[in-house]
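Per our numbering: the sequence shown = residues 1 to 165.
Everything labelled a hint here was simulated from the structure, so no lab data went into it. Some hints could be false.
[Unchecked claim] Label-pair ranges, simulated between beta-carbon atoms:
#1 Lys127 x Val33: 31 to 37 Å
#2 Ala86 x Ala26: 30 to 36 Å
#3 Gly71 x Ser49: 29 to 35 Å
A virtual CB, placed ideally from N, CA and C, is assigned to each residue, including glycine.
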Amino acid sequence: MPGTSTVSVRSARETDFDELRRLWSALDELHAVIQPEFFAPPGPSGHRSRHELRRALTGAERALLVAERAGADGLAGAVHVRIYDAPRDPMIRAVRRAHVEDLIVDETLRRDGVGRELMHAAGQWAKRRGAEQLVLTVWCGNDAAEHFYQSLGYRTVNRVLSLDL
Numbered sequence: 001m002p003g004t005s006t007v008s009v010r011s012a013r014e015t016d017f018d019e020l021r022r023l024w025s026a027l028d029e030l031h032a033v034i035q036p037e038f039f040a041p042p043g044p045s046g047h048r049s050r051h052e053l054r055r056a057l058t059g060a061e062r063a064l065l066v067a068e069r070a071g072a073d074g075l076a077g078a079v080h081v082r083i084y085d086a087p088r089d090p091m092i093r094a095v096r097r098a099h100v101e102d103l104i105v106d107e108t109l110r111r112d113g114v115g116r117e118l119m120h121a122a123g124q125w126a127k128r129r130g131a132e133q134l135v136l137t138v139w140c141g142n143d144a145a146e147h148f149y150q151s152l153g154y155r156t157v158n159r160v161l162s163l164d165l
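Using the sequences and the accompanying hints, generate a full structural model.
This is the structure we're talking about:
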């Protein structure tokens, strides 16, 4: 039954790399399908490197959080979040924000509360660092993600348009 399993969230470790690569590859594949003009399909070893994982694990301004589900093998999902301060521009409110770089939930565990727990943990992490807002990007064609974020109270604040030349 969806939403009934116990999910725990913790900071990622280097030993999570293989599981994170599995999750990231699924996300990268989805992006390549819905926006092939922007994203290349991942190869057999994926796009993400151990160096990228290390970078996500270091520094006070970024976090890579992972979810585990009680009684299940492997990671249930992950969220990569970073702090950024608004640029010094008189047009933009000087607000500390956190940006969700990636949210990934194992395809077999979606609609089971994993994404909700990860987003809650990302928000708490960001609040502890003084962020006033949590922002993210959803690519056109990822309707499930857009509906999920709307169910959490997110609203559209910007749209990016493109024109092939």
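Measuring from beta carbon to beta carbon, are Ala86 and Ala26 in 30 to 36 Å? holds (32 Å)
Taking the CB of Gly71 and the CB of Ser49, does the distance hold inside 29 to 35 Å? holds (31 Å)
Does 31 to 37 Å hold as the CB distance between Lys127 and Val33, or does it fail? Check passed, 34 Å falls within 31 to 37 Å.
Consistency with the previously given hints is maintained throughout, with no hint failing.
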